[in-house]
Amino acid sequence: MKPAPFRYVAAASLEQALQWKAAYGEEARFLAGGQSLVPTMNFRLTQPALLIDINPLTACAGVSKNGAQSVRIGALTRYRSLERDAATARDLPLVHEALPHIAHPQIRNRGTIGGNLAHADPASEMPAIVLALAGRLRAQSVRGERWIGAAEFFKGALSTALEPDEMLTEVELPAAAARSGACFMEVARRRGDFAIIGVACTVELDAAGSCREARIGLCNAGDGPVFAEKASASLKGRKIGAAEIDEAAALVQGDIDPGGNVHASKAYQRHIAGVLTARALKTANERAQRGH
Amino acid sequence: MTTRNFGAPIRRNEDKRLLTGQALFVDDVELPGMVYAAFLRSNVAHAAIRSIDVAAARGRDGVVAVYTAADLGAYWAPGPLLVPPPPIAGIVFNPRTQVPLAKDKVRHVGEPLAVVLAQSRYLAEDALADIVVELDPLPAVVDLEAALTDAAARVHDDVSGNVAAHVRQTRGNYAAARARADHVISRRFNYEHGASSPIETRGIVANWDARANHLTVWDTTQAPVFFRNGLAAMLGLSERQVRVIAPFVGGGFGPKIMLFYPEEVVIPWAAKQLNRPVKWIEDRLEHFFATTHERGQTHDAEIALTRDGRILGIKDTFLQDTGAYNPYGLTVPINSQCTLLGPYVVPSYDSTFTAVFTTKPIVTPYRGAGRQHGVFVMERLLDIAARELKLDRAEIRRRNFIPPDAFPYNNEIIYQDFAPLSYDSGNYGLVLDKALDMIGYDRFLKEEQPRLRAQGRHVGIGIACYVEGTGIGPYEGAKVQVQASGKVNLATGIGTQGQGHFTSFAQIVADQLGVEVADVDVVTGDTDQFYWGAGTFASRGAVVAGNAVNEAAKVVRQKILKLAAEHFECAEEDLEVANGQVSVVGIPGQAVSLGALALKANPMRGAVRPGTEPGLESTQYFGPPGGATASGAHAMIVEIDPQTFTLQVRKYVVVHDCGTVINPLILAGQIHGGVAQGIGNAFYEQLVFDDEGQLLNASLADYLLPTALEVPHMEIGHTVTPSPLNPLGIKGAGEAGAIPVGPLFAQAIEDALELPQRRIELNEIPLSPNRLFELTTKPR
Amino acid sequence: MSGRSVATDANGAAETHEVAVTVNGEPYRRRVEARLLLSDFLRHDLALAGTHVGCEHGVCGACTIIFDGAAVRSCLMFAAQADGHAILTVEGLAADREHLHPLQEAMRECHGLQCGYCTPGILMTMKAFLDETPAPDEAQIREALSGNLCRCTGYQHIVEAMQLAAQQLRT
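Protein chains in written order, with the numbering used here: chain U, 12 to 303; chain B, 513 to 1292; chain F, 26 to 196.
So here's chain U without its partners, still in its complex pose (with noise of 0.2 angstroms):
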């Protein structure tokens, strides 16, 4: 399983990679971590022309709050820094709580985020993440640069809204709220393995103790990341107790569309959905309850 010729060029600055890119468009690839990339290509299922290595480019990696009320992290970030960062714990506690699902540490050692994103496999927990916390996403060509809302940016199964010239360069995400409460949870075969489905979730309540606002997202339940609307918006204004959270549970099963795959049916898959949120809806109430 070895891949295809492909030209190679390590870029020594991000207007280097960019200009590389907007020469070959769709035929180059940036190579981030290879996690998602590498294998495509030993398969040869991936053939690109050329690859545009990435990873010198240091300045696109690290994270950083925008005020208090967003964190942003650059593309290029390893989930394991990510794992390692206090920041990152304390503020995006969704992110934190999916990494030890990502796949195992040697992929996380090299997998960057925004290679993951970028990739958007419908598996996969970030997009869910990013989809949940309406995240944006920033994307740079040598025509310039712009911020992409979650929603727009997954366009479908391994579909971006990035042109065939531009770079994800950036994810901002809301830094938690005070008196919220996230949680994710996945149902996989194997720790590590893509999720036959994952719930990524966030309540927040009002002074009074109600709901003012949950995102239910949720990966490997349909063409791309999916967001849970009616079964979040059910939640809305209401005091979170087991009859709404079976509500909302029952309603995210009709929010979904899963594909089925090799190792569970569609009914599987919505039968996860409905119990995975009831348990992560719990759990994140509990939690905003609790002030995190």
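Rather than coming from a laboratory, the hints here were simulated on the basis of the structure.
Even for Gly, the Cβ is constructed at its ideal location relative to N, Cα and C.
Some hints here could point you the wrong way.
To be verified - A short, non-exhaustive set of chain F residues, derived as facing chain B with CB atoms under 8 angstroms:
(1) Glu134
(2) Arg167
(3) Cys175
To be verified - Simulated restraints, written as ranges between beta carbons of each label pair:
(4) Ala218/U with Asp1202/B: 48 to 58 angstroms
(5) Ala145/U with Ala567/B: 53 to 63 angstroms
(6) Ala164/F with Glu1286/B: 28 to 38 angstroms
Let chain U serve as the given structure and place chains B and F on it in line with the hints.
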């Protein structure tokens, strides 16, 4: 002779090399001028070949040669039938064996169509894309029952109904047993076993030296001697012109004893054609198609019992998926047929199977070799019987065990070694009782389970018993030689794929010759070092080769004593062989090293008298009269999440009886590894084929091997009923861990989820959370 | 896709890249084709065949090495990426021919290997793990091991070896 090494947990001789990356595996062989092979494989399951055009591939830079079936000329031939059918009356057997490169027809996805040889594997794979193949697709043959109908396509044009074999074996009179029975249970069972998936895939390097007129082949084979013999015959060489080396092999498990795989036939031929060394290393994707699997059987089984749970008879009719070809004969289904009987008295037995050709990769034995399927049927029937007759699961088994005084016990039907299935020794009640004790069976059912259930947790217990026919012939051999250095060489014809032969066999020699285990250098798997042998399969290495080693070491010991007695001018009884030397008992200072004796035995002057041999060396063979029957019981406590159906093993116990034990550490490792594969088989691994014969999960991302998080801690217990069939009393243990895990999971999960109360039975393997959901959810 | 030829430069010659990499403390300098996998580079170009290949899609872990101090899959990297970096392979674990690393000693002591094929990948994974988590419990060890497939041992003796190695390394 003192047995201070035999039975001891000696640390392995071979480990330092393996741990430091200094052990030679096939892909480590580098030879000047080597070319690298890649095979073009069919991407459809069944098709007529209209044309294969390799011109463009041949023209690519870096490509040395491209061959198709036509290029092989007279060399092209279907492979040999490796295991002929056993001598069973009325047998129907249609042997059809695999071909080196497909000609006229392809019969499974992955069947090789052409081979490219190039300067690198990378370039060879590039050239594959240049080859233009025109195939006329034919209907795939996937489902076993459908394959037997007139409507199905024929996998082999001259084999109607896709019947590869039809075999019936009987004992007693089932019809009469059924008529007498108080209780009859009938069920259909489906059991699938999967792909062995060793971490090292297959590979072969062939080096033809035209001037030396000699062929050297490194191959990941479990049967180097048979391979050497067949390859020499195919290539028109004498056996002495061919050397096969099975170096360190990264896991065998059965499929690496399948011989004359297409690649094994093509690569040495190509090496001779090109006069250059040729290497082919199977990649993981190829492995799912190019290396054999074990797969599925469908059983319609019936058991007739008395009301107190005694078996009067069993009738079983089953279908066996044999794949596109059947070079390994009937080993797998015969094992299923025989091993179903288990440790139980089954006075009447009527078992019929039909092996069916399908357009899927070839089926040959994989650790357990069909025993799993039979054990599943019997253990499930007993579980159902226990429930319906309101008996405890352990009790119904006890009532049916062959009693300890009934050995040798003749089951009459024919086993895979072509002899009547006879159990040499055993004490099955003891094994079960020990397992029940170790798992805390009574305490669990009476206290723990009710307590945890009251907390809303779903825990269950399973027990399963089995026997394993091991250590079958024909024979193995060993050569032991004391060197002038005082170290001892041992060579044997079998190979090693991790079982620790470099140590366990050394232990046997060390005890006989009074040397340190580390001073015994063992060579396995090199046909130049030892000429004769069969191979590692059917859990026979320790039994058969181990005994051959012992016989050879005994003879060398005798030579040592004789020579030393002459040297000291004393009686042999006065001598002690220990610590690398021979000394006279009671007379300190009177000692001679083994090395010195070895020199003495190989004189530069003086003579070797007629009837004697130079050196301290002996070659001996051992062929057991029959297989030795090991036995065991597994017990497991699981907890299931009733909503997600994900499962956690809380406790796992194995009690195994493999007679006398050479090295308990190595034995434990074999059992752990077998159980891990059994767990994979029961709950994680499944080869998923679609209706077109396409394998949908041909990668390790989707064919799920258990990791350290899925395999629990295991507790191992032993009982010992030595085998009377060999001087060391050994029985095999290589497959034991893998055999009963399927029914164990089915039983424990049923218990955890209280499925029988919901009229749900688990009569299939593999299971999975998804499957449990399906089985427990009423269709809408 | 068919017909793609070797990646060539403007003159049509096969494009190669310079790799200056330190492996087990030794500097190496080679020219490689872009697509040469790091696993193949180590095994065949540098003749360090202790790193094994099991799947070439990043799942089995047999190819695990330590790259700039972190355990990674060498089958998912290209040799060209190693330029300017430092790698530790199984050949570099033992201090010298006479003395094994405590991890290697522990594996032997506990019978943590059978065929030995997955073993180098496990050694490198666990070296990186124990460097970071010197006093792990069994659950942590199993989790750290879960990215390495072994088909022979059932993992139990490997876990025991890691517990022993952790103890030895702490003293």
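Structure versus earlier hints - violations, ascending order
none
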